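Participant: In the numbering used here, the protein residues as written are 1 to 381.
Treat the hints as calculated values from the structure; they're not laboratory data. Fair warning: there could be bad hints in the mix.
In the DSBU-like style, the derived pairs of lysine-lysine whose C-alpha atoms are separated by at most 30 Å in a straight line are [what the hints assert, rightly or not]:
1) Lys-319 / Lys-376
2) Lys-330 / Lys-319
3) Lys-376 / Lys-331
4) Lys-376 / Lys-330
5) Lys-331 / Lys-319
The following label-pair restraints were derived from C-beta to C-beta distances [unchecked claim]:
6) Ala-183 / Glu-337: 53 to 61 Å
7) Met-1 / Asp-286: 26 to 34 Å
8) Asp-28 / Val-344: 41 to 49 Å
9) Pro-138 / Glu-371: 35 to 43 Å
10) Asn-374 / Leu-194: 22 to 30 Å
In this text the structure is predicted, and so the values were computed from the model without any measurement. All residues carry an ideal CB built from backbone N, CA and C; glycine is no exception.
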Amino acid sequence: MRIIIFTGGGGSGVSTVAAATAAQLAHDGVRTLAFGLYPGLAYAFQVSLGGGPQDVSDNLQVMESRRRRDDPDELRDWLEDILDWRGMDSVSGEDVASLPGLSHVGRLLELEGQVASGDYEAVVLDAAPVVQFLELPPALDAVSRWEERLFAPREQTIFEPFLRAFAGDYASTADDVMERGQALLQRLADLRGLLTDPQVCSVRLVTAPAHHAPDRLREAITALHLFSYAIDAVVLNRLLPEDGAGDFFGEISSAEAQTVASISEVANGVPVLQGGLRASPPHGLDALRDLAAELYSTMSPGDVLHETAPRVVVHENGKFEMELTLPYAKKEDLSLEQSEEGVVIHLGEHRCVVTLPEDVRGWQAASWTFEASNLKVTLRP
1 MRIIIFTGGG GSGVSTVAAA TAAQLAHDGV RTLAFGLYPG LAYAFQVSLG
51 GGPQDVSDNL QVMESRRRRD DPDELRDWLE DILDWRGMDS VSGEDVASLP
101 GLSHVGRLLE LEGQVASGDY EAVVLDAAPV VQFLELPPAL DAVSRWEERL
151 FAPREQTIFE PFLRAFAGDY ASTADDVMER GQALLQRLAD LRGLLTDPQV
201 CSVRLVTAPA HHAPDRLREA ITALHLFSYA IDAVVLNRLL PEDGAGDFFG
251 EISSAEAQTV ASISEVANGV PVLQGGLRAS PPHGLDALRD LAAELYSTMS
301 PGDVLHETAP RVVVHENGKF EMELTLPYAK KEDLSLEQSE EGVVIHLGEH
351 RCVVTLPEDV RGWQAASWTF EASNLKVTLR P
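Modelling step: build the complete structure from the supplied sequences, incorporating the hints.
Facilitator: This is the structure:
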């Protein structure tokens, strides 16, 4: 299984680039699903999409996440049921499921179902602008911790069978709600494992050559490293042609060239794929494959285009040590604390909880250093 996530600046052509990549993968004989968290793929492929995957060409199906109020939503429905079981207003379940991040998580359950089906060799995820996408990693991390907290194994007491007999239907309802919840959260935890496995999943950041693009790219790269999402390419889209721009665009073209150079520097070894500005947006399979040919040239779009340094953990000789690369982070923006589950890393507005092994969680002494973009955390008994 190969998963490629596309996100980036709003208006930079994220959906179009994702669609082009999916179209080329399918053309190369790879069974591919293009999955959109938000509308965009239908416009790129020039098709009408319903609730499930739709055939677009050989080896290619396209799906956009449900959006209508009456469409199924496993996370929302479960939250409503658990609140109703606890005697609370079930509308609150919909409120909770609509919170930033959790609304993405509900959509990702649809994605997990497609990934788990075994019908596809590659999934291309059109994941919305990076500002919205960055709400997703902490939400997925949180639901993984919910699974551990809510469904930790425990021993049954000798009184429990009698209590359950008296509880009757109430106990049966509780069992059903909890079993559904455990299965749902386990599925999300499994998906999180895939999305943070650099051999399975990578992120491609799409940007247009606007003057602020290098700064936005720095922020996105740093945040994605914090949550251990591998970045294997930057896509610089909608570039002016190198020649033929004319005197009218001369100043704009010069400024753009400086931005392109800055973006290549920020990418720091990550491949920068370039796509030119077109007279009209590339829609339909032929135009999308033309764009893919320009972007990838001789590369295969399904390959891992760049190896990302993983989070390194050493747990031996009475010491727990973790190293994490955070490009472009500033020490003054970093702070760390310990929680019951692990180490909480605050980086600007982002919060990441690094879960620790159970035998380490009771260790209180901790120190951390940040040098040359490398965060090192050490814990001892």
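Participant: Indicate, hint by hint, whether the structure satisfies it.
Facilitator: Evaluation of the provided hints:
{"no.": "1", "hint": "Lys-319 / Lys-376", "result": "13 Å, holds"}
{"no.": "2", "hint": "Lys-330 / Lys-319", "result": "26 Å, holds"}
{"no.": "3", "hint": "Lys-376 / Lys-331", "result": "12 Å, holds"}
{"no.": "4", "hint": "Lys-376 / Lys-330", "result": "14 Å, holds"}
{"no.": "5", "hint": "Lys-331 / Lys-319", "result": "24 Å, holds"}
{"no.": "6", "hint": "Ala-183 / Glu-337: 53 to 61 Å", "result": "32 Å, violated"}
{"no.": "7", "hint": "Met-1 / Asp-286: 26 to 34 Å", "result": "28 Å, holds"}
{"no.": "8", "hint": "Asp-28 / Val-344: 41 to 49 Å", "result": "43 Å, holds"}
{"no.": "9", "hint": "Pro-138 / Glu-371: 35 to 43 Å", "result": "26 Å, violated"}
{"no.": "10", "hint": "Asn-374 / Leu-194: 22 to 30 Å", "result": "26 Å, holds"}
In terms of the numbered hints stated before, the structure departs from hints 6, 9, listed from lowest to highest.
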